[in-house]
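Using the sequences plus the hints, can you model the full thing?
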Amino acid sequence: MEPSYGGGLFDMVKGGAGRLFSNLKDNLKDTLKDTSSRVIQSVTSYTKGDLDFTYVTSRIIVMSFPLDSVDIGFRNQVDDIRSFLDSRHLDHYTVYNLSPKSYRTAKFHSRVSECSWPIRQAPSLHNLFAVCRNMYNWLLQNPKNVCVVHCLDGRAASSILVGAMFIFCNLYSTPGPAVRLLYAKRPGIGLSPSHRRYLGYMCDLLADKPYCPHFKPLTIKSITVSPVPFFNKQRNGCRPYCDVLIGETKIYTTCADFERMKEYRVQDGKIFIPLSITVQGDVVVSMYHLRSTIGSRLQAK
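Going letter by letter, the sequence shown gives residues 1 to 301 in full-length UniProt numbering.
These aren't lab readings, by the way, just hints derived from the structure by calculation. Possibly wrong hints are sitting among the right ones.
[Claimed, not checked] In silico EDC-like pairs for lysine to aspartate or glutamate, Cα to Cα no more than 16 Å straight-line:
{"hint": "1", "residue 1": "Lys185", "residue 2": "Asp153"}
{"hint": "2", "residue 1": "Lys101", "residue 2": "Asp153"}
{"hint": "3", "residue 1": "Lys221", "residue 2": "Asp243"}
{"hint": "4", "residue 1": "Lys101", "residue 2": "Glu114"}
{"hint": "5", "residue 1": "Lys107", "residue 2": "Asp86"}
{"hint": "6", "residue 1": "Lys101", "residue 2": "Asp68"}
{"hint": "7", "residue 1": "Lys233", "residue 2": "Glu263"}
{"hint": "8", "residue 1": "Lys144", "residue 2": "Asp91"}
{"hint": "9", "residue 1": "Lys107", "residue 2": "Asp68"}
{"hint": "10", "residue 1": "Lys144", "residue 2": "Asp86"}
{"hint": "11", "residue 1": "Lys107", "residue 2": "Asp80"}
{"hint": "12", "residue 1": "Lys185", "residue 2": "Asp52"}
{"hint": "13", "residue 1": "Lys107", "residue 2": "Asp79"}
{"hint": "14", "residue 1": "Lys107", "residue 2": "Asp91"}
Set out below in structure tokens:
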């Protein structure tokens, strides 16, 4: 991670989301809050339950991944999605692909932003803020413009971006109302505590008196988890390891061969993993359970 990371984020806050743009954002607020029943009803009548496609507001849309081919695990076909968007928002939509999986962007007239966020964890604060600013600028260009957001399932990653966008546009000053609106519009979004915490960071950045995270080096001496969670087949313990990331780059892991990994049982009371690693910037520590399979190994968070 570049040394300028912290300063770069602060510059973005000052230049992209300060109260300098409050009047413009007040206008944008009104359009984002417009959850017209007429618009939602037209979507329902068109999709007939075949597409996973939700108008969170009349200008922000969330969907699951649009496939080029048939896959039993996905409801959205890219041609169907394109036909719908062209019929409702021709030349006025941009797609934000948050997943690491890609497709031919020409399917959406090459108006696709490939974000490649990591699966099952919050994005870096820098990237979250940058995508919000990009969405904001697109919506501001024309009152007909809409943003279409998707990850793989259209749940957690998509929801954290839309929730952060609400905060970016000063619709909410705390994460709670944004999360409740998301749950109302798209039930089962599955936001983790880490996701909610990053929405809180966005609130701090955009407060009347912004609080920008520091960039001082810190040493993580160890990780302690109590009580011991049940992840093994016997439901009496787990075999844990952790990954440490700065931004979205893994810099350290305690994962090793299955036989070398300590298994903790409920009676141990807690998990203790020594680290002694120095980090700085946007740090994420992810815990996993390692389980063995024939000829390979799998991880479960």
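Open item on the list: Does Asp86 sit within 16 Å of Lys107, going by the straight-line distance between their CA atoms?
Closed with: Holds, at roughly 11 Å.
Task: Given hint Glu114 paired with Lys101 - CA-CA distance at most 16 Å - done: OK: Lys101 and Glu114 at ~9 Å, within 16 Å.
Task: Restraint check for Lys107 with Asp68, where alpha carbons must lie at most 16 Å apart - done: holds (9 Å)
Open item on the list: Against the 16 Å threshold, does the CA-CA distance of Lys185 and Asp52 hold or violate the hint?
Closed with: Status holds; Cα separation ~12 Å.
- [ ] For the pair we were handed, Lys233 and Glu263, check the Cα-Cα distance against 16 Å.
- [x] holds (12 Å)
Task: Given hint Asp153 paired with Lys101 - CA-CA distance at most 16 Å - done: Between Lys101 and Asp153 the Cα gap is close to 12 Å, so the pair holds against 16 Å.
Task: 16 Å limit on alpha-carbon distance, applied to hinted pair Lys101 and Asp68 - done: holds (12 Å)
- [ ] Measure nothing beyond the straight line between the CA atoms of Lys144 and Asp91; if it is 16 Å or shorter, mark the hint as holding.
- [x] Distance ~9 Å between Lys144 and Asp91 Cα, so the pair holds.
Open item on the list: Can you confirm whether the C-alpha distance between Lys144 and Asp86 stays at or below 16 Å?
Closed with: holds (13 Å)
Open item on the list: For a C-alpha distance cap of 16 Å, please report whether Lys185 and Asp153 respect it.
Closed with: holds (15 Å)
TODO: Given the hint that Lys107 pairs with Asp79, test it: the Cα-Cα distance must not exceed 16 Å.
DONE: Status holds; Cα separation ~7 Å.
TODO: For the pair supplied as a hint, Lys107 and Asp80, confirm whether the alpha-carbon distance does not exceed 16 Å.
DONE: holds (11 Å)
The earlier numbered hints are all upheld by this structure, with none contradicted.
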